[in-house]
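Chemist: Chain by chain, the residues run as shown.
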Amino acid sequence: MSKELIRLRDLTMEFDGERILDGINLYINDHEFLTLLGPSGCGKTTTLRIIGGFLTPTSGTVTFDGKRINDVPPYERQINTVFQRYALFPHLDVYDNIAFGLRVNKVPKDEIDRRVHEMLEVVSLKGYEHRRINNLSGGQQQRVAIARALVNRPKVLLLDEPLGALDLRLRKDMQNELKRIQQAMGITFIYVTHDQEEALSMSDTIVVMDKGRIQQIGKPEDIYNEPKNAFVADFIGESNILDGVMLSDYKVKFFGRVFDCVDKGFAPNEPVDVVIRPEDIDIVPPQQGHLVGTVTSVTFKGLNYDIIVEFKGFKWLIQTTDYHGEGSTIGIRLNPEDIHIMKKSEYSGMFGDYSSYSAEYDELTEDAGDEEE
Amino acid sequence: MKKNNSILLSTPYILWMVAFTLIPLGVVGYYALTDPDTGVFTWSNIRELGTYLPVFGQSIMYSLVSALICLILGYPVAYYIAHRGAVMQKILYMLVMLPMCMSFLLRTLAWVGLLQDTGIINNLLAAVGLPRLQLIRTPAAVVLGMVYNYLPYMILPLYSTIVKIDHRLIEAAEDLGCTPAETFRKVTLPLSMPGILSGLTMVFVPAVSTFYISQKLGGADTVLIGDVIERLYKQGNNANLGAALSLLLMILVFVCTGIMNRLGGDEEAVVV
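Chain order of the listed sequences is U and S.
So in numbering that gives the first Met the number 0, the last spot in the first sequence is 372, and the numbers never skip.
So in numbering that gives the first Met the number 0, the last spot in the second sequence is 271, and the numbers never skip.
None of these hints come from the bench; they were simulated from the model.
Do not take every clue at face value.
[Stated by the list, open to error] As a list, the in silico SDA-like pairs of lysine to any residue whose alpha-carbon atoms are at most 20 Å apart:
no.	chain 1	residue 1	chain 2	residue 2
1	S	Lys185	U	His129
2	S	Lys185	U	His90
3	U	Lys108	S	Lys185
4	S	Lys185	U	Tyr74
Please put together the full structure from these sequences, using the hints given.
Modeler: Right, dumping it as structure tokens:
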């Protein structure tokens, strides 16, 4: 469909002997909306800065349109960046900020004027031309930053947590806005975020990163439905992750019971990680359940209740629209398609147990990453 | 209660200001407008100021030239310091401050020792068989003295402005196509403006009123307004005319700082 635009090959990056990136291999297609997703310190911003030309990788190559660009300085790349916290020029007004790149590239005056006004319209900032940057709200500054980058019609736009400083409502609006702009202008977006929801709703492709390595690359649905390891399953959405044994194709055993599943291709009796999403679990009366457990905590979430249910000492998170009080005994049923099997990895046993559950668990992941370098 | 306390606490300073700044200012004004012999009101001192305008012009010129040279010398130094590591920055900052720990008079006298006709430089020249040079008692020596003494006043405000410039702005400029030279011209330099203006003011103001430097390093043709005022008070016995000159000098300094502040006012918001 689209052709390949950027390729990262065996990229590593070290600062003071500490390995920040460890063998990144990735290609990015023209017109793609690709998101680098991961917790603070996973190397996503470093990867972005290498593509932007602000860092030179310790080893490996970066190619753009088939040409090696490792040593090409930022000002010679057809790439523009929307910086974390915007980095707008405080000594210039809105108009001059947006016109900055065009002036540097000696675009004729009347064309500059036309394109700046066009961009102001795209980001809905008409009439703000001569406002000073410091007199703008966060959301407005954000849009100036996007306009300043897009007005140059770059082939690729890099966005480093561009919505991190905005409140939730504004963030949702800007997500739609960004997606619309990306599709309308046909520009490749490389987007860095630690917000999995943002990544799922905007991206064509998500690259999940942790510890300087790519954990999984895929479409949002695939990443969510077929996580490759416990890290991805836990980072994207909520997951109950249990130890299981793959008896044979389509048969998995956990909690002393054999379940049908839809996965195959494992060795007989291979130990595996079993992922069960909280929203996929059906609650039934205890006598009809595959498993029976006790509710230990209930949190009202608006759309649903988050309940923690203890099964044989292991706590699961279940999302349900029906209320089940603390202490009540419930049964659950698992359909084959609700069970996802993953190979064991270095992350096995680290995630997916809700024993230390607190109501703030989803906020924790959101606060986690802000700035990294 | 709180209000009372703050007034109480600031009382010593207010008294100090009244006793040693406001009252003397009034005295200067009084002297400037009275006759030296009779003590009655007169405009004659003010009228006489016209004859000193060339000296004023000379003082302003020397100070401006010195301030500009300080800027040219100081900017690269300040830029360099601002881009070192935290520890190195502190060390270099201390080194810039170091000369200020020594007496201003001593520092100027040291230059006399270097530059005078039988000074170190000329003796060295003579030793290798070269002719002696007229170094002291020249306009260049006066400018040198000013630059040497006031350079730290230029570097320090420049440094503190440059060090505050957000590095991401530099990256943003490069990202938008600026070569390093263009980045400097379009981003770093405009954002350094508050430091440049305050550095220029900090050098210009003491330089324009100095007398010691021109007396020690200058000659008969490098008389500055400070020298004239000093002479009128100490030798000419015309404190009234001296007071009038002081008044004019003060107004000049106020106007200059006013202009600087006006120019810098626009950028003020940038720094804060």
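Chemist: Lys185 of chain S and Tyr74 of chain U: Cα distance at most 20 Å?
Modeler: holds (14 Å)
Chemist: Is the hinted pair Lys185 of chain S and His129 of chain U satisfied, with a Cα-Cα distance of at most 20 Å?
Modeler: Holds, because 18 Å separates the two Cα atoms, which is no more than 20 Å.
Chemist: Under the criterion that the straight-line Cα-Cα distance not exceed 20 Å, is the pair Lys108 of chain U, Lys185 of chain S satisfied?
Modeler: holds (18 Å)
Chemist: Going straight from one Cα to the other, do Lys185 of chain S and His90 of chain U come out at no more than 20 Å?
Modeler: Roughly 10 Å separates the two Cα atoms, so the pair holds.
The earlier numbered hints are all upheld by this structure, with none contradicted.
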